[in-house]
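Here's the letter readout for the chains.
Number of protein chains: 2
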Amino acid sequence: MIEQRKPIAVAEAVQRVMHYAYQEKIEIVPLHQAYGRFLAEDIAADQDVPAFNRSPYDGYAIRSIDSEGANAEQSVVFQVVGEIGAGYVYDGIVDERQAVRIMTGAMIPQGCDAVVMLEITQSFEQDGQSYMSLKRQVQAGTNISYKGEDIQKGAILITKGQYINPGVVALLATFGYPQVTVFKKPIIGVIATGSELLEPDEALQVGKIRNSNAYMVMAQIERAGAAAKYFGQLSDNLELCIEAVKDALQEVDILITTGGVSVGDYDYLPAIYKAIGAEVLFNKVAMRPGSVTTVAARNGQLLYGLSGNPSACYVGFELFTRPIIRTAFQNPQPHLRREQARLGADFPKPNPFTRFVRATVSFDNGQLTAVPCGFDKSSAVSSLEGANAFIVLPGGSRGYEKGMQVVVLLLEDMQGSEWPWDKIEKSYKS
Amino acid sequence: MIEQRKPIAVAEAVQRVMHYAYQEKIEIVPLHQAYGRFLAEDIAADQDVPAFNRSPYDGYAIRSIDSEGANAEQSVVFQVVGEIGAGYVYDGIVDERQAVRIMTGAMIPQGCDAVVMLEITQSFEQDGQSYMSLKRQVQAGTNISYKGEDIQKGAILITKGQYINPGVVALLATFGYPQVTVFKKPIIGVIATGSELLEPDEALQVGKIRNSNAYMVMAQIERAGAAAKYFGQLSDNLELCIEAVKDALQEVDILITTGGVSVGDYDYLPAIYKAIGAEVLFNKVAMRPGSVTTVAARNGQLLYGLSGNPSACYVGFELFTRPIIRTAFQNPQPHLRREQARLGADFPKPNPFTRFVRATVSFDNGQLTAVPCGFDKSSAVSSLEGANAFIVLPGGSRGYEKGMQVVVLLLEDMQGSEWPWDKIEKSYKS
Numbered sequence: 001m002i003e004q005r006k007p008i009a010v011a012e013a014v015q016r017v018m019h020y021a022y023q024e025k026i027e028i029v030p031l032h033q034a035y036g037r038f039l040a041e042d043i044a045a046d047q048d049v050p051a052f053n054r055s056p057y058d059g060y061a062i063r064s065i066d067s068e069g070a071n072a073e074q075s076v077v078f079q080v081v082g083e084i085g086a087g088y089v090y091d092g093i094v095d096e097r098q099a100v101r102i103m104t105g106a107m108i109p110q111g112c113d114a115v116v117m118l119e120i121t122q123s124f125e126q127d128g129q130s131y132m133s134l135k136r137q138v139q140a141g142t143n144i145s146y147k148g149e150d151i152q153k154g155a156i157l158i159t160k161g162q163y164i165n166p167g168v169v170a171l172l173a174t175f176g177y178p179q180v181t182v183f184k185k186p187i188i189g190v191i192a193t194g195s196e197l198l199e200p201d202e203a204l205q206v207g208k209i210r211n212s213n214a215y216m217v218m219a220q221i222e223r224a225g226a227a228a229k230y231f232g233q234l235s236d237n238l239e240l241c242i243e244a245v246k247d248a249l250q251e252v253d254i255l256i257t258t259g260g261v262s263v264g265d266y267d268y269l270p271a272i273y274k275a276i277g278a279e280v281l282f283n284k285v286a287m288r289p290g291s292v293t294t295v296a297a298r299n300g301q302l303l304y305g306l307s308g309n310p311s312a313c314y315v316g317f318e319l320f321t322r323p324i325i326r327t328a329f330q331n332p333q334p335h336l337r338r339e340q341a342r343l344g345a346d347f348p349k350p351n352p353f354t355r356f357v358r359a360t361v362s363f364d365n366g367q368l369t370a371v372p373c374g375f376d377k378s379s380a381v382s383s384l385e386g387a388n389a390f391i392v393l394p395g396g397s398r399g400y401e402k403g404m405q406v407v408v409l410l411l412e413d414m415q416g417s418e419w420p421w422d423k424i425e426k427s428y429k430s
Numbered sequence: 001m002i003e004q005r006k007p008i009a010v011a012e013a014v015q016r017v018m019h020y021a022y023q024e025k026i027e028i029v030p031l032h033q034a035y036g037r038f039l040a041e042d043i044a045a046d047q048d049v050p051a052f053n054r055s056p057y058d059g060y061a062i063r064s065i066d067s068e069g070a071n072a073e074q075s076v077v078f079q080v081v082g083e084i085g086a087g088y089v090y091d092g093i094v095d096e097r098q099a100v101r102i103m104t105g106a107m108i109p110q111g112c113d114a115v116v117m118l119e120i121t122q123s124f125e126q127d128g129q130s131y132m133s134l135k136r137q138v139q140a141g142t143n144i145s146y147k148g149e150d151i152q153k154g155a156i157l158i159t160k161g162q163y164i165n166p167g168v169v170a171l172l173a174t175f176g177y178p179q180v181t182v183f184k185k186p187i188i189g190v191i192a193t194g195s196e197l198l199e200p201d202e203a204l205q206v207g208k209i210r211n212s213n214a215y216m217v218m219a220q221i222e223r224a225g226a227a228a229k230y231f232g233q234l235s236d237n238l239e240l241c242i243e244a245v246k247d248a249l250q251e252v253d254i255l256i257t258t259g260g261v262s263v264g265d266y267d268y269l270p271a272i273y274k275a276i277g278a279e280v281l282f283n284k285v286a287m288r289p290g291s292v293t294t295v296a297a298r299n300g301q302l303l304y305g306l307s308g309n310p311s312a313c314y315v316g317f318e319l320f321t322r323p324i325i326r327t328a329f330q331n332p333q334p335h336l337r338r339e340q341a342r343l344g345a346d347f348p349k350p351n352p353f354t355r356f357v358r359a360t361v362s363f364d365n366g367q368l369t370a371v372p373c374g375f376d377k378s379s380a381v382s383s384l385e386g387a388n389a390f391i392v393l394p395g396g397s398r399g400y401e402k403g404m405q406v407v408v409l410l411l412e413d414m415q416g417s418e419w420p421w422d423k424i425e426k427s428y429k430s
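The listed protein sequences derive, respectively, from chains A and B. Numbering of the first sequence is given in UniProt numbering, commencing with residue 1 and proceeding in unit increments. Numbering of the second sequence is given in UniProt numbering, commencing with residue 1 and proceeding in unit increments.
Don't read these hints as lab results, they were simulated from the structure. Because the structure is a prediction, the values reported are computed rather than measured. One or more hints might be untrue.
What follows is a set of in silico ranges between Cβ atoms, one per label pair, in the way DEER data are often shown [stated by the list, open to error]:
{"hint": "1", "chain 1": "A", "residue 1": "M404", "chain 2": "B", "residue 2": "G395", "range": "26 to 32 Å"}
{"hint": "2", "chain 1": "A", "residue 1": "L204", "chain 2": "B", "residue 2": "E41", "range": "51 to 57 Å"}
{"hint": "3", "chain 1": "B", "residue 1": "D42", "chain 2": "A", "residue 2": "E279", "range": "17 to 23 Å"}
{"hint": "4", "chain 1": "B", "residue 1": "V29", "chain 2": "A", "residue 2": "D91", "range": "54 to 60 Å"}
{"hint": "5", "chain 1": "A", "residue 1": "Q33", "chain 2": "B", "residue 2": "Q139", "range": "57 to 63 Å"}
{"hint": "6", "chain 1": "A", "residue 1": "E412", "chain 2": "B", "residue 2": "L204", "range": "57 to 63 Å"}
{"hint": "7", "chain 1": "B", "residue 1": "E199", "chain 2": "A", "residue 2": "R5", "range": "24 to 30 Å"}
In silico EDC-like cross-links for lysine to aspartate or glutamate, where the CA-CA straight-line distance does not exceed 16 Å [unchecked claim]:
{"hint": "8", "chain 1": "A", "residue 1": "K377", "chain 2": "B", "residue 2": "E149"}
{"hint": "9", "chain 1": "A", "residue 1": "K423", "chain 2": "B", "residue 2": "D364"}
{"hint": "10", "chain 1": "B", "residue 1": "K284", "chain 2": "B", "residue 2": "D42"}
Yeah, the Cβ is synthetic: ideal placement off N, Cα and C, and Gly gets one too.
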């Protein structure tokens, strides 16, 4: 069975896959394990931050009106009627010419409307009573961190689908979330295929290669935020393959095979998809590398047939699988982050297919610049280690020159893009 | 004991800390757990990649010389003497006008120097023998992926200290590393201090705040690549504090306390450092926020006294702790990644201290632009969730205007910088 393959445009292929995007289940994790996950609920401030007027410095809380007339020549003396550390509250009401010694973070006592820093005061004792003298007039509000100045109660600062970075963790702690509701990591199965494959612990044999794709894809799955499950290599026997794929589908949310399962002339994938009743969404994409990427669906589950060539496999995953993972987290920007960059090399030869060149982006005085890295063949493995972006070169009758503005898709990035493909097309038309 | 604190410059403070940078121990992990770790050995190619001349397509392997004279009018006929799939080797030597049916990835048979793609041939049978006819002359070398064209045996593509991304995983698999030697994650202890602190599972009380710093710092520790261990909150009792710190130091590589351990007027930290014989490297830095950051050392172990204010604590960790973690991995770029960006807001008021403004960097047509996020006080917690960079504004008599070129330090980045501080100073002088 040599299958006829009809290439479709990249954007169309992504769209067909996105139709099967789904919402992953939620789970609850302790706050200290929430970093790096995606939030599954909107989080509202359960309090103002600060929750009370507080002092940002060590000093004395006073009524500012009492400092009137104080200057370098004439000091005003305050009776020190109490002392409060952070976490403590002064019970009384501060009266005329009274002051309370206050520590950083402590609540401003009733009656006070300013804090004078310790450094600009003089303290002394007289008849067993503490006093403080001040040679400066202060305005009402001086050195007060006001209730709600940072965050107002009820404000929704972090929303469902958001990536949990250290700052989000700080907010979750502040708002009282010892447990956090996050999206479950989709479980993505990986099956390697190809009679030429050795596992990394096997000695090289003539004509064979080590299986790098399965391990690479598992790392890509982790980078995207999901969990990988390796099922090893498929057998050469079609019946066994069908059973293996069926069994794997019971245990995973998404299944990826890499390589063509080709035994002699025979590519097993179409036969497997047919046998298990999966609908092939596409089996060829007008792009390089990765043109033979196949995606099929069965009962809402996606099956990816990624290329056996490392670069092609890598690109296929990032374009077609990553956005499904991020959509399972309800992240509003599930696609690779799209930016403009200055092209750092010439691509003089036109190519009918849209190319995704593995590249290193860096900054030249703040200007994003993209340089291809390593060997640019779909079989290349050397070009992936330095890649933090793809340069997108749309197919057509033109070449591309160093210095031109091109679209890049960033790989090491938690932010992502909304649907980027319309803009990508546009940016090359203008 | 109210301590005198003498501020030192940021670069000087980082330098003092870096003096105590150390090399972490190594450990061996299975390849499928190596993603996100740092490599502890140089990895040389144990083979050429490809390891043999191979076919990038399905087709026929031939001797190109036999195609001479073939054209649209006149086809050349080859006897098909064998068929090889990927992973298999053709035993014989291909002779005049012979061809071997070859699959993608299979080794080029002896005698052949070109592959013709299936699509441009016609196959037929005659007297039980297979033939292939070709109407095109091909050059020697056509459609051959040459041995070593991607990677040459002995080449060192990945080196000690390198971050393991999916492309590095692919290389490790290719070169036969089922186990990978990586640097151990330093264990970083976290102790929260402050009588005002409630844990996230406690109800709010008047005058108190929830402990956000410990959880935030644990996430920062993880982001930097290390492992966090939480020791809870310190007691108000000095003797108990000293014992707790001593005990914690037995279990960790580095110890972070957040907050001043202030009980009334009394900051316990200097007393604790003194009691355990730790040398204070500095206890004040000429920067905002985070000026009260303290770092001490004892028997090569670093003790960080980070501020109780969330933004100050956050900045202190990224400037002073992160580079120690990355140096433990022998990463040559342990500091935050330094780049130039266009300032997206005005900072008209001069400030004597170097400021690290929590900011969101984004791209404006490929030009890095930095906009402050949230509330800019050292006590702010809202400004951290959107922060992916610090804007560095050196202290002095000038303000800064929107549109100016400024230095930014990127937070969500695995690449880092070599010592950035000389360049930061220079970039504001030019």
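Hints violated by the structure (listed by number, smallest first): Of the numbered hints given earlier, those the structure breaks are 1, 2, 3, 6, 7, 10, listed in rising order.
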